[in-house]
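Engineer: Here is what each chain is made of, one letter per residue.
There are 2 protein chains.
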Amino acid sequence: MRRSSMFLYTRKEVSSEADVVSHQLMLKAGMIDKLAAGIYTLLPIGLMVIENVKRIVKEEMDRAGAQEVLMPSVIPAELWQESGRWDKYGKELLRIKDRHDRDFCYGPTHEEVITDLVRKNVRSYRQLPLNLYQIQTKFRDEIRPRFGIMRGREFIMKDAYSFDVDDQSAEESYRIMYEAYHKIFKRCGLNFRAVEADTGQIGGSFSHEFMVLAQSGEDAIASCDKCDYAANMEKARTDAKRLASKPEDNKGLESVETPNKKSVEEVTAFLKVPAGRLVKTLIFKSDNRFAAILIRGDRQANEVKLKDIFAGNEAVLANEEEVKKITAAPSGFSGPIGLKIDIIADNSVKGMTNFVVGGNKKDTHLINVNIGRDFEIKQFADIANIEDSDPCPLCDKGHLKIDRGIELGHIFKLGTKYSESMKAYYTDAEGTEKPMIMGCYGIGVGRTMAAAIEQNHDENGIVWPIPLAPFKATVIPLNTNHEGIMEVAEKLYKELTELGIETLLDDREDRAGAKFKDADLLGIPIHLIIGERGLKEGKVELKLRAGGEKEMVPVDATAARVKAIIVEAI
Amino acid sequence: MRRSSMFLYTRKEVSSEADVVSHQLMLKAGMIDKLAAGIYTLLPIGLMVIENVKRIVKEEMDRAGAQEVLMPSVIPAELWQESGRWDKYGKELLRIKDRHDRDFCYGPTHEEVITDLVRKNVRSYRQLPLNLYQIQTKFRDEIRPRFGIMRGREFIMKDAYSFDVDDQSAEESYRIMYEAYHKIFKRCGLNFRAVEADTGQIGGSFSHEFMVLAQSGEDAIASCDKCDYAANMEKARTDAKRLASKPEDNKGLESVETPNKKSVEEVTAFLKVPAGRLVKTLIFKSDNRFAAILIRGDRQANEVKLKDIFAGNEAVLANEEEVKKITAAPSGFSGPIGLKIDIIADNSVKGMTNFVVGGNKKDTHLINVNIGRDFEIKQFADIANIEDSDPCPLCDKGHLKIDRGIELGHIFKLGTKYSESMKAYYTDAEGTEKPMIMGCYGIGVGRTMAAAIEQNHDENGIVWPIPLAPFKATVIPLNTNHEGIMEVAEKLYKELTELGIETLLDDREDRAGAKFKDADLLGIPIHLIIGERGLKEGKVELKLRAGGEKEMVPVDATAARVKAIIVEAI
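Residue numbers (this note's numbering), protein chains in the order written: chain A, 1 to 570; chain E, 1 to 570.
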């Protein structure tokens with residue numbers, strides 16, 4: 001492509017809205033244009049990157065035996081009512097009425113449509129396993145779209161759905177996708193981790209998120225410094241045994257006055273004990289049922305884990321009046337002893353001895369409290385967020401490190417959630433009808449582009465991994481009015497293009513400095529700089545965007561050298 | 001692809017809803033699945049054809065210098081309000097409210113979005129000409145979606161938009177697209193015509209439709225049997241001079257009684273004159289203004305032409321009461337003589353002499369009426385539909401032939417309609433601000449697939465033009481339990497796949513007859529049939545779907561032979 005005729009306009013300043021680096025750089029590099037909140041046009045150079053991601057995704061999906069379809073974006077409400085999600089999904093579902101006042105939605109995900117398609121076509125175990133995928137535009141009406149296309153409302157996604165006869169086969173389908181995802185993100189040139197994840201709104205048996213490590217990531221990921229364990233915060237566990245302090249002999253329970261001391265900080269400072277010796281008692285209400293949640297004083301409850309405790313229902317802290325009714329004391333003095341409601345404790349409480357709790361009486365706490373002797377716990381559960389350096393739950397030696405990450409892919413073993421509610425049954429070899437076991441597998445295509453920038457940039461702009469780069473090389477003639485320079489520039493441009501290498505010829509009559517700045521900003525991996533001095537020796541300067549290494553290459557050897565660099569990287 | 005593991009299920013019977021052959025065959029061949037009225041999932045074999053069309057379109061658009069972008073499907077109302085189309089577009093525009101109750105629509109076309117994008121980026125004549133395109137999913141909420149994906153609600157379209165500094169340059173951009181469209185439809189293997197067309201709702205200066213000839217086409221196309229003239233019915237003209245009968249000397253005007261004779265048939269039968277000697281007088285009302293439209297008795301008014309007469313406003317026939325007020329007679333007896341309203345006559349009336357008209361009096365007609373002597377015509381215009389065999393308006397000898405066609409592409413010279421209403425101005429070399437001259441260019445991608453089937457099928461199924469065929473070849477082993485047969489089948493499948501030829505290996509354990517039927521239904525161009533008898537001589541049978549020619553080819557020469565057939569066709 002010739003820069004002079006390309007619809008590509010870089011910018012020095014961009015809207016102050018753009019608060020993550022990928023969003024800023026995409027705007028500066030002329031890759032995207034904002035049409036409305038969370039809704040963007042992909043401009044030519046942006047679309048070229050998207051097409052690179054799509055091609056890699058498609059090749060690996062095909063290789064993994066998945067078959068491509070294209071489902072509609074506008075989905076009739078009936079299917080979502082059948083699965084029960086029409087009422088559950090909330091405002092992120094963009095609901096539409098057509099001219100006949102019939103209900104539709106703009107699909108944010110396609111479990112219902114694919115399940116309907118498969119139940120209409122698959123009757124026998126002989127037709128399974130099956131994996132269908134699409135690369136398609138979706139819409140999620142985020143309340144606060146942000147970070148450009150990273151968390152947009154309209155976005156491009158690859159979604160695949162597998163159908164199997166039994167759990168074993170479904171897990172094999174899952175494993176194949178797990179491996180395909182590794183290949184995809186590796187081929188994209190990204191540094192990523194596959195982490196155990198919560199199954200969230202979709203529900204099902206187990207799942208992994210594929211996270212690209214980047215400081216700006218919205219998600220925290222815990223990973224072991226010794227073994228392969230990695231999980232996001234909703235799922236990350238620690239080893240309660242290794243976490244627990246050494247048990248002490250039980251001391252006698254005592255009541256102490258703690259006038260106006262309510263928070264963990266106030267109470268532990270007043271009593272001169274570390275926060276880890278206190279057990280918080282939080283009264284939660286969910287579905288009109290109350291429960292006391294015990295957590296070690298230096299730990300915080302994780303909302304998603306909490307929701308799991310209450311069987312997926314929203315749980316809220318009881319209000320002052322409810323706390324008073326249940327504990328006979330104002331909040332800040334709640335404790336487990338004597339409560340008539342269920343007591344559920346985080347694993348971090350396990351093995352604690354002689355700890356502090358609220359006295360269920362104004363201005364009173366109890367010390368030297370012990371489980372079993374003073375009160376019973378109905379259930380231990382994983383409720384608290386892990387903290388940096390917590391012991392790894394898998395290996396004996398490792399500790400967890402918390403990184404920031406961006407979720408690019410999510411794979412789920414769904415089980416029979418949709419096949420049962422929507423009656424996607426097959427007949428097995430014995431003639432018995434059974435629900436298919438499903439899996440679903442998503443990749444954010446636009447988000448992959450954004451995350452690649454978050455992970456690969458410097459103060460001058462983007463540093464594309466070669467496989468994703470819109471142009472692999474750019475030819476920069478230092479003086480477009482110099483015949484010899486332009487002759488070589490055109491020759492190289494032609495040679496590279498004929499080799500199938502996407503090349504940008506910067507044929508603008510502009511200062512060399514401006515062209516260098518643009519080439520850096522756009523993140524083109526290989527810069528070929530053609531100047532008078534080099535040409536005297538029959539050479540051009542080859543500069544690598546990543547690392548900045550420079551070498552002088554004979555004109556006739558340049559195209560081959562560029563090809564070699566690319567082949568090595570892809 | 002191996003047929004045994006492909007998500008491909010052919011059907012013998014399909015819904016009675018499917019009333020055109022392409023819709024029936026797409027359902028039978030397992031190419032599409034209906035999700036809702038006018039909303040379809042593209043199944044693997046259908047999507048493969050779509051991808052072939054997209055690839056050809058993309059290659060030719062790129063070659064023509066257009067640059068690909070991807071605009072959002074969900075468009076904020078503000079832009080449509082700016083262009084004035086938010087109120088004009090009617091119910092085909094799928095309107096959406098987001099969670100904040102803001103108005104959006106699902107884009108049926110993207111003039112507003114592209115104009116907004118270009119005005120934000122282009123300021124100078126140096127940045128023009130420019131042509132941007134996208135291949136994208138659109139939605140038009142048709143009141144009666146029908147013919148499968150031919151006239152669906154959600155559909156894939158290529159739309160391109162050109163921006164130029166002046167008319168001359170804009171017409172050059174138009175010409176480039178006109179030629180690119182010829183290349184695209186030629187490469188798709190279709191028999192088509194480019195016809196002059198009405199500019200319809202989009203408005204603008206001139207336009208062509210690209211029509212694939214097919215009996216089931218919804219549109220009628222007139223084309224000359226001698227020269228290149230072709231136009232659709234809304235636009236087709238004839239040569240009024242050659243159409244007119246020889247003028248006679250004016251005879252004396254006479255009033256005749258025509259009791260209860262109202263229709264053209266009744267009056268001309270009663271008076272024993274041909275319908276071509278009568279002039280119908282139709283009273284139309286548009287925007288509260290009345291006008292009399294005169295048309296030769298054997299001709300019918302064309303609605304679109306009529307609308308043009310009334311400056312684009314809807315025109316309706318006046319009701320009985322209004323006719324009485326204007327003509328002083330019941331309808332059926334209206335005539336031009338003595339009317340106080342504008343009289344506009346179709347060109348077919350030009351040169352008529354001694355004709356019959358209504359008497360503006362009950363049960364009365366006038367004969368031997370002559371223009372000029374008896375009444376004046378304010379304006380002659382092109383109002384009536386042309387008829388088969390009408391004289392060509394361009395050449396002296398030809399006559400028009402009416403064919404049926406399916407519109408696959410439409411190119412418009414838009415002019416400044418959008419650039420003026422949305423202020424897309426550039427500064428010319430003299431520093432003057434001017435509106436850009438726009439063009440827009442659409443291709444229905446899904447419809448191209450459907451039209452290709454309409455044009456290429458027989459009683460056994462689809463007969464794909466090779467460039468569009470999902471699989472170019474199918475390998476059919478007559479007996480999957482025969483080791484020698486399967487060995488050759490696998491060998492050929494491997495060789496063809498390695499040559500980059502999309503091949504379907506029908507490895508199902510099924511009767512040969514069923515496999516032949518399927519291969520015919522799916523329309524795969526080259527069938528390679530492997531049987532015991534042929535193998536004894538080391539040969540396989542190569543059968544062409546189109547024409548049915550068969551030849552025996554040595555196994556080792558088969559792949560090369562297939563390749564040669566494909567290369568010749570593409």
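Bear in mind the hints are in silico, worked out from the structure with no lab data behind them. A portion of the hints provided could be inaccurate.
Remember, identical chains collapse to one label, so a pair may be satisfied in a single copy or spanning two.
[Stated by the list, open to error] Below, a list of computed lysine to aspartate or glutamate pairs in the EDC-like style, where the Cα atoms sit at most 16 Å apart: (1) 241 to 396; (2) 550 to 388; (3) 186 to 59; (4) 91 to 101; (5) 97 to 142; (6) 246 to 498; (7) 226 to 239; (8) 183 to 62; (9) 120 to 13; (10) 378 to 172; (11) 340 to 459; (12) 97 to 502; (13) 305 to 382; (14) 58 to 101; (15) 539 to 320; (16) 34 to 78; (17) 361 to 257; (18) 241 to 551; (19) 401 to 225; (20) 120 to 82; (21) 536 to 249; (22) 397 to 433.
All figures in this text were calculated on a predicted structure; none of them were measured in a lab.
Engineer: Give a verdict on every hint.
Structural biologist: These are the hints, each one checked on the structure:
In this assembly of identical chains, the alpha carbons of residue 241 and residue 396 lie at most 16 Å apart only when taken from the same copy (11 Å versus 100 Å across copies). For the identical chains of this complex, residue 550 and residue 388 are neighbours neither inside a copy (41 Å) nor across copies (73 Å), given an alpha-carbon limit of 16 Å. In the homo-oligomer, the alpha carbons of residue 186 and residue 59 lie at most 16 Å apart inside one protomer (13 Å), although the nearest pairing across protomers, at 29 Å, exceeds that limit. For a Cα distance limit of 16 Å, the shortest separation of residue 91 from residue 101 across copies, 11 Å, qualifies, whereas the shortest one inside one copy, 19 Å, does not.
When the C-alpha separation of residue 97 and residue 142 is checked against a cutoff of 16 Å, the pair qualifies only between copies, where the shortest distance is 13 Å, while the shortest distance within a copy is 19 Å. Within a single copy, residue 246 and residue 498 get their C-alpha atoms no closer than 71 Å, and across copies no closer than 66 Å, so neither meets the 16 Å cut-off. Proximity of residue 226 to residue 239 under the C-alpha cut-off of 16 Å is restricted to the intra-copy arrangement: shortest distance 14 Å within a copy versus 89 Å between copies. Proximity of residue 183 to residue 62 under the C-alpha cut-off of 16 Å is restricted to the intra-copy arrangement: shortest distance 12 Å within a copy versus 31 Å between copies.
In this assembly of identical chains, the alpha carbons of residue 120 and residue 13 lie at most 16 Å apart only when taken from different copies (15 Å versus 53 Å within one copy). In the homo-oligomer, the alpha carbons of residue 378 and residue 172 never lie at most 16 Å apart, since the shortest distance is 37 Å inside one protomer and 80 Å across protomers. Taking identical chains as interchangeable, the C-alpha atoms of residue 340 and residue 459 are never at most 16 Å apart, the minima being 60 Å within one chain and 78 Å between chains. Taking identical chains as interchangeable, the C-alpha atoms of residue 97 and residue 502 are never at most 16 Å apart, the minima being 44 Å within one chain and 41 Å between chains.
Taking the shortest alpha-carbon separations for residue 305 and residue 382, only the intra-copy value of 7 Å comes in at or below 16 Å, while the best inter-copy value is 74 Å. When the C-alpha separation of residue 58 and residue 101 is checked against a cutoff of 16 Å, the pair qualifies neither within a copy, at 37 Å, nor between copies, at 37 Å. Taking CA atoms no more than 16 Å apart as the test, residue 539 paired with residue 320 passes in neither setting, with 79 Å inside one copy and 88 Å between copies. Taking the shortest Cα distances, residue 34 and residue 78 sit within 16 Å of each other only across copies (14 Å), while inside one copy they are farther apart (33 Å).
For the identical chains of this complex, residue 361 and residue 257 are intra-copy neighbours only, at 10 Å inside a copy versus 111 Å across copies, given an alpha-carbon limit of 16 Å. With identical chains, the CA atoms of residue 241 and residue 551 are never at most 16 Å apart, being 57 Å at best within one copy and 77 Å at best between copies. For the identical chains of this complex, residue 401 and residue 225 are intra-copy neighbours only, at 7 Å inside a copy versus 80 Å across copies, given an alpha-carbon limit of 16 Å. When the C-alpha separation of residue 120 and residue 82 is checked against a cutoff of 16 Å, the pair qualifies only within one copy, where the shortest distance is 15 Å, while the shortest distance between copies is 45 Å.
Proximity of residue 536 to residue 249 under the C-alpha cut-off of 16 Å is found in neither arrangement, the shortest distances being 87 Å within a copy and 91 Å between copies. In this homomeric assembly, residue 397 and residue 433 never come within 16 Å of each other (Cα to Cα): the closest approach is 48 Å inside a single copy and 72 Å across copies.
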